[in-house]
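Read off the chains here:
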Amino acid sequence: MGILEVKDVGKRFGGLKALSDVNLSVRENTVHAIIGPNGAGKSTLLNCLVGKLIPDSGSVMFDGQSVLGRTPYEINQMGISRVFQTPEIFGDLTVMENMMIPCFAARDGSFRMHAIENMMNEKEMVEQAEQMLIDVNMIDKRGMHSAAMSRGDKRRLEMAMCLIQNPKLLLLDEPTAGMARADTNNTIDLLKQIKEERDITIAIIEHDMHVVFSLADRITVLAQGTPLVEDDPQNIKGHPKVREAYLGEAH
Amino acid sequence: MFGLDKKDTSLLALVAILTLAAPFILNPFPTNSGLAQFNAGYPDLMQRFVIFGIFAIGFNILFGLTGYLSFGHAAFLGIGSYSAVWMFKLLSMNIIPAIILSVLISGIFAVVIGYISLRRTGIYFSILTLAFAQMSFALAYSVLTPLTNGETGLQLTLEDPRVLGQSATADGSIPVTNLFGAEMRSSFDMVVGPWSFTFSVGYYVCAIAMLLAFYLAIRIFRSPFGMMLRAIKSNQTRMNYTGLNPKPYTLAAFVISGMYAGLAGGLLASMDPLAGAERMQWTASGEVVLMTILGGAGTLIGPVLGAGMIKYFENIFSKINDNVLHGWFSFMPDGLEDLVVTIIHPFVGKGWHLTLGIIFMLVVIFLPGGLVEGGQRIAKAFRGKKADDNKSASTEPAE
Amino acid sequence: MDAFLLQTLNGLDKGSAYALIALGLTLIFGTLGVVNFAHGALFMIGAFCSVTLQRILNLSYETVDPSKTDFLGNPLKVKTPYVESWFGPETGGAIIEWSVPLAIIFAIPVMLAIGFSMERGLIKHFYKRPHADQILVTFGLAIVLQEIIKYYYGANPIQTPAPEALSGVAQLAEGIVYPVWRIVYFFFAIAIIGAVFAFLQFTTFGMVVRAGMADRETVGLLGIDIDKRFTLMFGLAASVAGLAGVMYGPINAPNYHMGMDFLVLSFVVVVVGGMGSLPGAVLAGFLLGILESFASMKEVITLIPGINQIIIYLVAIVILLTRPRGLMGRKGVME
Amino acid sequence: MSKTNVTRRGVLKTGAVAGAGLALPTYLSAASHGGYTNAPTGDTVTLGFNVPQTGPYAEEGLDELRAFELAVQHLNGEGDGGMLNTFSSKALNGAGILGKKVNFVTGDTQTKSDAARASAKSMIEKDGAIMISGGSSSGVAVAVQGLCQEAGIIFMAGLTHSNDTTGKDKKANGFRHFFNAYMSAAALAPVLNKLYGSDRRAYHLTADYTWGWTQQESIQAATEAMGWETVNNVLTPLASTDFSSYIAPVLNSGADVLVLNHYGGNMVNSLTNAVQFGLREKQVNGKNFEIVVPLYSELMAKGAGQNIKGIVGSQNWDWKLENQMGSRYIGTNAFVKSFGEKYGFPPSQAAQTCYAQTLLYADAVTRAGSFNPCAVAEALEGFEFDGLGNGPTLYRADDHQCFKDVLVVRGAENPGNEFELVEIVEATPVEQVTYAPDHPMFAGGALGTCNPGA
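Chains as they are written, first to last, in UniProt numbering: chain A, 1 to 251; chain P, 1 to 399; chain V, 1 to 335; chain U, 1 to 454.
Just chain A, with the same shape it has in the complex (with noise of 0.2 Å):
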């Protein structure tokens, strides 16, 4: 039984059938890549996992319970974490408090009222972001305006923010999407050193199969709306039907 269980999960948009029969079984401290080409349904599919869509027909279960009809931050209370394929942090807001935000939402929940303390006598949680922000080689940026950084810091920013919740999953949407080769290296290692340091399931949709293989115990190929193959990296890789999908649709 994995933490996450998707089944027979189905979604229509008008006419066309953009999810159909989508079973998934995520383990628990595993990084499962799901991989497909351009339309195959990967993003409508986590938008169906974050509470974004409701899907038709199927059910989704996190942990023994089931997502569907939660919003997305009822699901982020039940520990899972999303990074977005373009990075989305507070960007009016500094490196720190950006930080503090998730920390809040994990101590106190969806809603509490703190109207009149002042942040920084939160020494436990200032010192916990700190820490993150040592963890994820930025805590020199931590009074900047974070629109100001770069689109690789945005993303570490955002995946520290995710991380300092502590989420049992964690879902990455295209995370080294667009980014230079040394830079993806970088964010690869760093997921690396998360899955060794944490107990942490991970969930990840990528393009890039040098990340996918790096990082991926199991592999989930997606294409025109179903799951084609579910299974370990090197039987993905030769395997038949998955060129056949990506030869077949993109060339």
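Incorrect hints may have been included.
[What the hints assert, rightly or not] The list that follows gives simulated cross-link-like pairs (lysine-lysine, BS3-like), each with its CA atoms no further than 30 Å apart:
no.	chain 1	residue 1	chain 2	residue 2
1	V	Lys-77	U	Lys-309
2	V	Lys-331	A	Lys-17
3	V	Lys-79	U	Lys-302
4	V	Lys-68	U	Lys-342
5	V	Lys-128	P	Lys-247
6	A	Lys-168	P	Lys-380
7	P	Lys-89	U	Lys-168
8	P	Lys-6	A	Lys-123
9	V	Lys-298	U	Lys-309
10	V	Lys-77	U	Lys-337
11	P	Lys-247	A	Lys-154
12	U	Lys-287	V	Lys-298
13	V	Lys-68	P	Lys-380
14	V	Lys-128	A	Lys-154
15	P	Lys-247	A	Lys-123
16	U	Lys-337	V	Lys-79
Since the hints were derived computationally from the structure, they do not count as laboratory data.
Add chains P, V and U to chain A, keeping to what the hints say.
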């Protein structure tokens, strides 16, 4: 001090000094000099400065922090005023119960209007709040007249059934609003040489209310709650995916700013027990928006400056008529005097709107951060080229 | 039944004014994304174009008529417009009488010029500024324009009557008469709306602008100078507002604050129609016009007292709560 | 141009208190100031003229301001003296008031109760005004009147026509020279009867706020008393600009008279719309359809242009009064002459009422020998006078309302000159418009006692 860091403490101290010394600061010109026209240190205007300051500070908690632009905030000001006047009519001339009621009632209305309006964002939210306020105004002016006294505005009468206190004083007039006996209207004049300074009880009550409101606003700005509000303005998607529900945060901000408006309305009625429907018209809502932007949205002190600026023009410039102009320039030869008066004439008196409009444009063109930015530039010029990676205290959470 | 029909007619007629003003506003606000609080002022200036033309045509020389006296008992000065002395009283009189339709020709270049200079001189610098700044600067501009008009023309309304031939009433059916000029206004509005739609739909310029509205960066990347086109758009919007104002003159006498009277309403119409949608704005204009007309019927007011005071706002609330982006709003525009 | 020193207050302050740093109470304390608010102690006295200078009534406000300026000139002995020469009371001699030169300050009411009160307060608190006058709407008048009562200042109302000003909202410190809705109705009804007959069906459009309601109530009562039937009364929102949806139903309602209980911009627009719909040419029940605008004003008539022709209404005063109706209205020509020579056009009724109010105040002070509001009020109460253009007039003590003749006018068909917007139909004698102080339309309030402030 007071749980604030050094910068904020000094800002608060500065505002406190300015507010408490306002009767001096606003009356810089000797009473019988020609420039006395520019003196603003009389009780009514000083009260308006701080009351509209409170209104703008509250509005800024919503708009400056969350970015939600309410175009109907005047409704809460009006509701606060009506509640306070009713309290004077029915209960007591003491301002404390009146102000408590106005804050509460405005808060209740804010919960309802906010809950509905916050189902939408951006311009759709603005129009929803505008619609609610305009409905309040139109109804208060017409069909709700039994409750609001319509066009004339709700006033005290000699027949009010005041439970605690008398309907009329022994000499047959309406009693005066007071704070445990200290009448809001009483004042003292201090004459120093050619200067004359007026200290009014009402003003100091308002000033203390504003200082408390300002202090609370600083605490909110620096609190985790304030940070959450800025986070909402910055990125609602990330907010959601960080496990935070933006709705209650924005609603809380909306209600807090509604209660600030209610406090302002209650104070207005306490200083002058009349509540008119025009207080709720869209122009009044627009005024607080302009005050906030003019001063600098999202800054602590900006809205207060903006409020002061607009009220100053409304009350001082509108009173400069041709006679006054001729008085000023009477030292010139006749022809030149008339020329100067003719040139200035369109901008003062009945033309005060024109001057205000020009100032809006100039400020927003040359000082994108509002008056606060002007202050910063001046301060910077004085400080010289001192490195300033730490911005001045008041502008931390800028746009 | 007659009453119902009459109010529908009236609603269409009111709605055509709303639609026309909203159309201009939505070109700037709904699509360029500029919160233009000066739009009402543009409408007002349009109306004053016809006042100005009327004044120009009425420029007169004075002759003293000793047989009459003025209010102080002095000999009366009689004014004769130059136009009448040049073209004779008949032709001259006709020219003066037709000053409103003539003002259309006069208003187009004036409004274009105002629109262009407003965009080039001011608005251009505010595309990337926060909406708050746009509100402040355009509101300031609106006040300035309004005060200038007040300075020259006073605060009192000034009648700009329709020509005699277009001013009576028309019998549309048994028991249904309607003012001719209001019918003219309706068809004029339809024509302008149609022209603007056709312009945006069928010309390359229109296509580029529509593409630019949807995705400004991409169009910019294609090497198309979108800025110049946006300037033109602004001029177009100003002209539409101005023409709406010119033609509105005979319905209600122009005064300097008529723009502010319409300002809030036009924002409501645009937003109810949905941000970024031209058809939405037009539809909302007619819808609100018709509903407002029905709400002003005695039967309705008796049923719900005060409904005529709030109908527009009530409808706006209901629509915005049931349809998140108004009637036909595009996703992501100023949400 | 006259030059005035507006900062009189400073003079008196420094005059009164020699020595720095001395704190002493004003405004509420009698000791140093003769027992009432803003008691003038120098050689000047300041009056406050609070008129709309922005917003829809700005034009009317400016005309009031012109009249005030003229009145101050005449009080100070400048100019030709205007109505001072015809005024029945001869207490004023052109040497200011009680020997003090008259200064004035102006302010903008914006036609909003709030702004009007703020402006009036600044005149009282900052400029030391001893009397406030002006205004162009009843809401503002009632609000400022209330303020003056509380502050202990005399309020001489400008243009305010609602019954409430001297009805349920009357105040001991407030006085109204202008006529009211009841008087309009009482004057109009017989004329309407004479012009249009007693078998008429009236349709009312009424501005949906207190002034509109009181006027509609008054007109309905007066016209029904002479046999008219009221078909309908529809309330229109203040914010309306287009009244077509209210006018259209009139066409088939069976009514043959339309009564427009509107003022200002509302009136201009509703009348324009009514004419557009052909109501003026319409025939109903074999009679000509008629439009009535109970409260007329020259500036609105000007705004309504051609549409005003033949429309009947009432006025407080008109500049042609003395010429056309005889010397009963003495003072009119004197005023028109000095106003017309100074400004180039004849004064409006708003100007006349403001001018008269200023003179009446000054006269009352002089006769009372004191600026004390209570003494002034006493001098005004029950004061009978003549020569201010309205004929013999009484300032009734019971409600501080002036009783004088009311004019019924009609939009001029063939104006002799550009200023002749209306023609006078009748000057209704004062007896016909007088009512008992406890008339139900004016019930519900009390004057209270005069408040000298201090």
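**Asked** Going straight from one Cα to the other, do Lys-68(V) and Lys-380(P) come out at no more than 30 Å?
**Response** 71 Å, violated
**Prompt:** Under the criterion that the straight-line Cα-Cα distance not exceed 30 Å, is the pair Lys-298(V), Lys-309(U) satisfied?
**Reply:** 28 Å, holds
**Asked** Are the Cα atoms of Lys-79(V) and Lys-302(U) separated by 30 Å or less?
**Response** 18 Å, holds
**Prompt:** Within a Cα-Cα threshold of 30 Å, do Lys-128(V) and Lys-247(P) meet the stated pairing?
**Reply:** This hinted pair holds, its Cα atoms lying about 28 Å apart.
**Request:** Would you check the hint for Lys-89(P) and Lys-168(U), treating anything up to 30 Å between C-alpha atoms as holding?
**Result:** 17 Å, holds
**Prompt:** Between Lys-77(V) and Lys-309(U), does the CA-CA distance stay at or below 30 Å?
**Reply:** Holds. Lys-77(V) to Lys-309(U) sits at ~23 Å (cutoff 30 Å).
**Asked** Is it true that the CA of Lys-247(P) sits at most 30 Å from the CA of Lys-154(A)?
**Response** Given that 30 Å is the threshold and the Cα spacing comes to 26 Å, the pair holds.
**Request:** Would you mind confirming whether the straight-line C-alpha gap from Lys-337(U) to Lys-79(V) stays at or under 30 Å?
**Result:** 23 Å, holds
**Asked** Lys-128(V) and Lys-154(A): Cα distance at most 30 Å?
**Response** With Cα atoms ~23 Å apart, Lys-128(V) and Lys-154(A) stay inside 30 Å; holds.
**Asked** Are Lys-168(A) and Lys-380(P) close enough, with their CA atoms no more than 30 Å apart?
**Response** 50 Å, violated
**Prompt:** Does the alpha-carbon distance linking Lys-68(V) and Lys-342(U) stay inside the 30 Å limit?
**Reply:** 22 Å, holds
**Item:** Pair hint Lys-287(U) and Lys-298(V), alpha-carbon separation not exceeding 30 Å
**Value:** 25 Å, holds
The structure fails hints 6, 13 (numbered hints given earlier, in ascending order).
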